[in-house]
Amino acid sequence: METIRRKYEKEETMTLFKQMGIAVSLIIIIMLASVMTISYQSTKKDMIQNVYETSVNNISTLASNLGETSGEEAYISTIIDAAFDSGYYKRIEFHSSDGKFNYKQVDNAKLEGVPSWFVDFADIELTTIKENVSSGWQTIGEVQILGDSTIIYKSLYKTFTKLLYLFAGFTFASLLLLSLMLSFILKPLKEIQNQAEAITRDEFVIQEKMPYTTEFKEVVRGMNMMVKKVEYIFIKGSETFKRNQELLYMDPLTKLYNRRYLMLKLPDIVVLENRANGGTIMFVAVGGAELLNKSLGHEAADKVFCSLGDIFLDACRGFEDGIVARVNGTEFTLVLPNCEASMSLDIAKKIHERYEKLLQKYTLETESVTLDIGMYRYRPNVKVVDLLKRADNALLHAKADEHSSTYIYEEKDDENAMGKEQWREIIEDSITKKHVSLKFWPMMEIRTKKVDHNVMTFIIDDKLKQQYFYGDFIAPAINLGLVSKIYMLALNELITNKHEEIDNTLCCVRLSNEFLKDPLAFEALSKLLQENVRALTFDLCFEISDNFAIHNPMLVKRFIELFKTNKCGFGFNSFMGESDDFAYLKVFNPDFIKADVSFLLDQSRDSMNAIQVVTDSLGIKIIASFVQTQEELNALNALNVYKVQGPITDKITN
Amino acid sequence: MYSLGTFLFTLVLLFSSSLNAELIDAEIERKADAKYGAFAKNRLLAIDEKLLNDLKNADDIKKLNTVNTWVNFIKYKSDKKVYGVSDYWATLYEFVGKNMGDCEDYTITKYYILKELGVDPKRMKFTYVIYKNKRGKKISHMVLSYFKVEQPQSKNDILILDNNNRLVLPASKRKDLIKMIKMINGDTGPKSKKWKQLEENMKRKKL
Numbered sequence: 001m002e003t004i005r006r007k008y009e010k011e012e013t014m015t016l017f018k019q020m021g022i023a024v025s026l027i028i029i030i031m032l033a034s035v036m037t038i039s040y041q042s043t044k045k046d047m048i049q050n051v052y053e054t055s056v057n058n059i060s061t062l063a064s065n066l067g068e069t070s071g072e073e074a075y076i077s078t079i080i081d082a083a084f085d086s087g088y089y090k091r092i093e094f095h096s097s098d099g100k101f102n103y104k105q106v107d108n109a110k111l112e113g114v115p116s117w118f119v120d121f122a123d124i125e126l127t128t129i130k131e132n133v134s135s136g137w138q139t140i141g142e143v144q145i146l147g148d149s150t151i152i153y154k155s156l157y158k159t160f161t162k163l164l165y166l167f168a169g170f171t172f173a174s175l176l177l178l179s180l181m182l183s184f185i186l187k188p189l190k191e192i193q194n195q196a197e198a199i200t201r202d203e204f205v206i207q208e209k210m211p212y213t214t215e216f217k218e219v220v221r222g223m224n225m226m227v228k229k230v231e232y233i234f235i236k237g238s239e240t241f242k243r244n245q246e247l248l249y250m251d252p253l254t255k256l257y258n259r260r261y262l263m264l265k266l267p268d269i270v271v272l273e274n275r276a277n278g279g280t281i282m283f284v285a286v287g288g289a290e291l292l293n294k295s296l297g298h299e300a301a302d303k304v305f306c307s308l309g310d311i312f313l314d315a316c317r318g319f320e321d322g323i324v325a326r327v328n329g330t331e332f333t334l335v336l337p338n339c340e341a342s343m344s345l346d347i348a349k350k351i352h353e354r355y356e357k358l359l360q361k362y363t364l365e366t367e368s369v370t371l372d373i374g375m376y377r378y379r380p381n382v383k384v385v386d387l388l389k390r391a392d393n394a395l396l397h398a399k400a401d402e403h404s405s406t407y408i409y410e411e412k413d414d415e416n417a418m419g420k421e422q423w424r425e426i427i428e429d430s431i432t433k434k435h436v437s438l439k440f441w442p443m444m445e446i447r448t449k450k451v452d453h454n455v456m457t458f459i460i461d462d463k464l465k466q467q468y469f470y471g472d473f474i475a476p477a478i479n480l481g482l483v484s485k486i487y488m489l490a491l492n493e494l495i496t497n498k499h500e501e502i503d504n505t506l507c508c509v510r511l512s513n514e515f516l517k518d519p520l521a522f523e524a525l526s527k528l529l530q531e532n533v534r535a536l537t538f539d540l541c542f543e544i545s546d547n548f549a550i551h552n553p554m555l556v557k558r559f560i561e562l563f564k565t566n567k568c569g570f571g572f573n574s575f576m577g578e579s580d581d582f583a584y585l586k587v588f589n590p591d592f593i594k595a596d597v598s599f600l601l602d603q604s605r606d607s608m609n610a611i612q613v614v615t616d617s618l619g620i621k622i623i624a625s626f627v628q629t630q631e632e633l634n635a636l637n638a639l640n641v642y643k644v645q646g647p648i649t650d651k652i653t654n
Numbered sequence: 655m656y657s658l659g660t661f662l663f664t665l666v667l668l669f670s671s672s673l674n675a676e677l678i679d680a681e682i683e684r685k686a687d688a689k690y691g692a693f694a695k696n697r698l699l700a701i702d703e704k705l706l707n708d709l710k711n712a713d714d715i716k717k718l719n720t721v722n723t724w725v726n727f728i729k730y731k732s733d734k735k736v737y738g739v740s741d742y743w744a745t746l747y748e749f750v751g752k753n754m755g756d757c758e759d760y761t762i763t764k765y766y767i768l769k770e771l772g773v774d775p776k777r778m779k780f781t782y783v784i785y786k787n788k789r790g791k792k793i794s795h796m797v798l799s800y801f802k803v804e805q806p807q808s809k810n811d812i813l814i815l816d817n818n819n820r821l822v823l824p825a826s827k828r829k830d831l832i833k834m835i836k837m838i839n840g841d842t843g844p845k846s847k848k849w850k851q852l853e854e855n856m857k858r859k860k861l
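Keeping their order, the protein sequence lines are chains A and B.
Per this note's numbering, the first sequence runs over residues 1 to 654.
Per this note's numbering, the second sequence runs over residues 655 to 861.
Any given hint might turn out to be false.
[Said to hold, decoys possible] With a Cα cut of at most 30 Å, we get these calculated DSSO-like pairs of lysine-lysine: (1) A:K158 <-> B:K729; (2) B:K845 <-> B:K710; (3) B:K729 <-> A:K110; (4) B:K788 <-> B:K710; (5) B:K845 <-> A:K162; (6) A:K104 <-> B:K685; (7) A:K45 <-> B:K850; (8) B:K857 <-> A:K154; (9) B:K857 <-> B:K685; (10) B:K788 <-> A:K104; (11) B:K836 <-> A:K104; (12) B:K850 <-> A:K44.
[To be verified] Here's a subset of chain A near chain B, in silico, CB distances under 7 Å, partners left out: (13) G71; (14) Y75; (15) S77; (16) T78; (17) I79; (18) A82; (19) G87; (20) Y88; (21) E402; (22) H403.
[Claimed, not checked] If you want the ones that stay clear, here's a sample from chain A, every Cβ over 12 Å from chain B, calculated: (23) E53; (24) A74; (25) A83; (26) Q105; (27) A109; (28) L180; (29) F216; (30) K255; (31) D314; (32) R379; (33) I408; (34) G481; (35) K517; (36) E578.
Note that these hints are calculated values from the structure, not bench results.
For every residue, glycine included, the Cβ atom is placed at its ideal position computed from N, Cα and C.
Hey, can you work out the whole structure from these sequences and the hints?
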């Protein structure tokens with residue numbers, strides 16, 4: 001969208017350089033042309049005057065010569081011939097007073113060396129000069145002279161062409177000089193333009209070099225101030241948000257996450273796309289906490305809980321995306337992705353050992369202050385409700401068991417109805433036969449009720465037998481390492497075939513983490529974009545998981561560069577603001593971030609304001625995803641979030 | 655080396671020919687042949703051989719007489735009849751080619767041939783005179799005057815080449831030229847429009 005808008009702007013505007021260039025060139029041309037015209041006119045006038053004066057001189061000599069002939073015709077004609085042949089005349093005429101003798105010499109030769117248009121243009125009119133011829137006291141006739149205009153035409157034409165060359169030369173030289181001067185004077189403006197463009201791209205660029213021209217200097221100073229202010233607002237907003245997040249999602253005593261965070265994060269963790277192998281969840285309960293408080297006092301008891309938190313954090317170390325949360329005063333939850341049951345038993349054992357040592361430090365016994373651990377080894381795509389229920393169940397068992405304080409919930413392995421090999425056949429078949437169809441879901445702006453963009457998803461559709469939804473096949477596809485292939489199939493279908501429903505709109509494609517991690521997928525996508533992106537009838541943008549971007553900045557940067565070179569937009573989804581600061585947003589500068597509606601609604605007004613300050617200062621749109629109910633929509637409106645996707649969009653259009 | 659030598663030689667030839675254009679050359683003879691016929695060509699050939707070549711080493715008087723006699727063989731006809739205008743200065747080539755012309759044309763042709771023969775052009779003047787014919791009529795006329803000395807002191811010092819007289823006589827012996835109106839230089843003095851035009855026509859050998 002942004003790029004399209006910029007294109008239009010370019011067409012309607014003209015650079016200052018051009019405008020000044022045109023204005024000054026016009027002045028120069030007009031000036032030179034006036035000088036030329038004046039020069040031409042005065043030369044012409046001078047020449048005509050010159051010929052006139054010469055003719056006056058000549059006629060007096062001629063008249064006195066003729067006067068000496070006493071009117072003899074042969075004499076008169078010879079004198080006129082001699083004068084005519086030895087000078088420059090158009091015509092010499094003699095008329096005797098009695099009208100009996102007339103003699104005339106005329107030059108009717110064609111004017112050579114001067115184009116006829118110039119003759120018409122110059123249009124020289126010479127006046128005929130007359131004088132009486134007297135012999136003694138008697139007037140014998142009248143002589144008339146018309147000067148030669150060809151000589152004027154010729155030299156005027158020469159002057160004209162010279163002036164023209166001079167004009168062309170001067171114009172060229174002065175325009176060249178002008179262009180050099182303008183580019184020198186306007187050089188700082190180019191830098192200002194660069195800075196302005198950087199600001200439009202939401203980059204914080206400070207221009208260090210101050211231009212020489214006063215006005216430009218003020219502009220640069222102003223822009224620098226503005227950029228600094230926006231950057232300050234960004235940092236402030238980012239800090240406020242962080243503080244609010246801590247209040248919202250942290251246990252104030254142990255600095256561990258709280259229950260609210262756990263509940264928000266769990267669905268994301270168990271989703272198969274993030275953890276193909278599932279993991280282990282541990283519920284840990286401290287029994288006899290009242291005794292702890294009584295015998296040690298509040299302060300020491302708090303210290304015990306803090307130390308316990310450290311023990312859990314140590315236990316969790318080494319598990320990527322592991323979570324330790326204090327869900328209430330005496331209960332903790334540990335989520336250990338990719339952790340097998342056997343390993344979790346070792347971990348539980350180590351926790352108990354260290355717990356014992358901790359109690360010994362306070363001369364307490366494990367019989368009075370107990371620590372029970374209930375564990376559940378979960379598989380991908382388990383429902384969160386089941387997850388919690390089973391872990392809780394395990395904890396109950398652990399508490400109830402007098403011999404052991406650790407219990408593992410066992411689960412019958414009947415999850416996937418279809419076997420691995422069956423899935424392999426279906427997926428590989430769909431890849432070779434290209435059995436894939438695309439679906440598009442709208443992302444809407446609530447206020448205008450208009451579709452902002454469409455989000456693409458795809459299903460395996462073998463046309464005859466059955467359809468498999470994304471949620472069905474993606475888990476086995478991850479297990480079988482076929483994610484990139486099936487993604488490329490869908491992307492090929494999107495880019496190389498026509499889809500009328502998304503013509504002239506923006507289409508968003510969500511890229512899974514598995515796809516992003518595959519180096520071959522990068523090559524395939526970059527080739528596909530390079531070859532086809534110009535011919536697309538819609539604009540394209542991509543979504544990457546926010547968490548993935550935080551943890552794989554180099555990889556994501558490469559993808560973003562790929563998107564940018566192919567004029568594709570991009571954004572982050574599943575936003576949770578988990579990074580230490582928002583610097584990564586500044587670096588990547590996505591077009592939008594999509595956050596789960598439940599995350600957004602969790603935020604206080606303050607916290608939401610902070611997010612919006614950050615995103616506004618970077619020009620990032622906030623989109624709520626998985627919006628289902630009108631209540632959610634209203635709550636989002638109250639938080640000034642107006643862009644939504646999810647089932648609710650059907651209701652908005654209707 | 656041979657080819658370079660040939661090339662240089664050709665170059666020198668070209669250069670010299672363009673610098674020292676001959677009054678009569680093979681090309682003008684060919685053109686005259688095409689335009690006016692074989693007689694015209696022969697007349698030009700005769701100027702080249704009988705006059706320019708044979709008189710090369712003769713004295714001025716001999717040159718004047720021979721050239722005058724030769725040129726006077728061409729028939730007189732007014733400009734009006736030949737060129738349709740009242741007064742036209744024909745080139746040597748036009749005059750000899752057409753084999754007719756008026757008093758100015760005789761004068762011009764004599765002037766150019768004598769100049770080519772090495773007679774000092776500053777001593778030859780185009781002279782406007784009044785000529786009285788046998789019936790007593792005064793006529794406007796032009797002859798070529800030749801100064802025997804640099805600064806003539808009397809009419810005896812000036813010889814007249816006239817198409818009305820076979821002989822080259824001193825002005826003192828020409829009682830029929832009753833008045834001299836004006837003498838002008840040929841192409842050596844200040845150039846009038848007429849002279850400029852004639853010079854240009856001569857240069858491009860207007861036929």
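Just want to verify: A:L180 was marked as not at the interface with chain B; is every Cβ pair farther apart than 12 Å? Check passes; 46 Å lies beyond 12 Å.
Tell me if the interface restraint on A:A82 is satisfied: Cβ within less than 7 Å of some Cβ in chain B. Constraint on A:A82 satisfied, holds at 4 Å.
Would you mind confirming whether the straight-line C-alpha gap from A:K104 to B:K685 stays at or under 30 Å? violated, 35 Å
Holds or violated: is there a CB of chain B closer than 7 Å to the CB of A:H403? violated, 121 Å
A cut-off of 12 Å on Cβ-Cβ distance, and A:D314 was said to be off the interface with chain B. Does that hold? With a cut-off of 12 Å, A:D314 remains clear of chain B, as the shortest Cβ separation is near 100 Å.
At a threshold of 7 Å, is the proposed contact between A:G71 and chain B supported by beta-carbon distances? violated, 12 Å
Would you assess whether A:A83, listed as outside the interface, keeps its beta-carbon beyond 12 Å of every beta-carbon in chain B? A:A83 not clear of chain B: closest Cβ-Cβ about 8 Å, inside 12 Å.
Quick one: work out the minimum CB distance from A:F216 to chain B and report holds if it exceeds 12 Å, violated otherwise. Correct as stated: the minimum Cβ-Cβ distance to chain B is 64 Å, above 12 Å.
Verify the interface restraint on A:I79: the C-beta must sit less than 7 Å from at least one C-beta of chain B. With a closest approach of 6 Å, the A:I79 hint holds.
A:K255: least C-beta distance to chain B exceeds 12 Å? Check passes; 101 Å lies beyond 12 Å.
Could you let me know if the closest chain B CB is still more than 12 Å away from the CB of A:E53? holds, 18 Å
Given a cut of 7 Å on the nearest C-beta pair, is the interface hint for A:E402 held or broken against chain B? violated, 124 Å
In the structure shown, a violation is registered for the earlier hints numbered 1, 4, 6, 13, 21, 22, 24, 25, 26 and 27, in ascending order.
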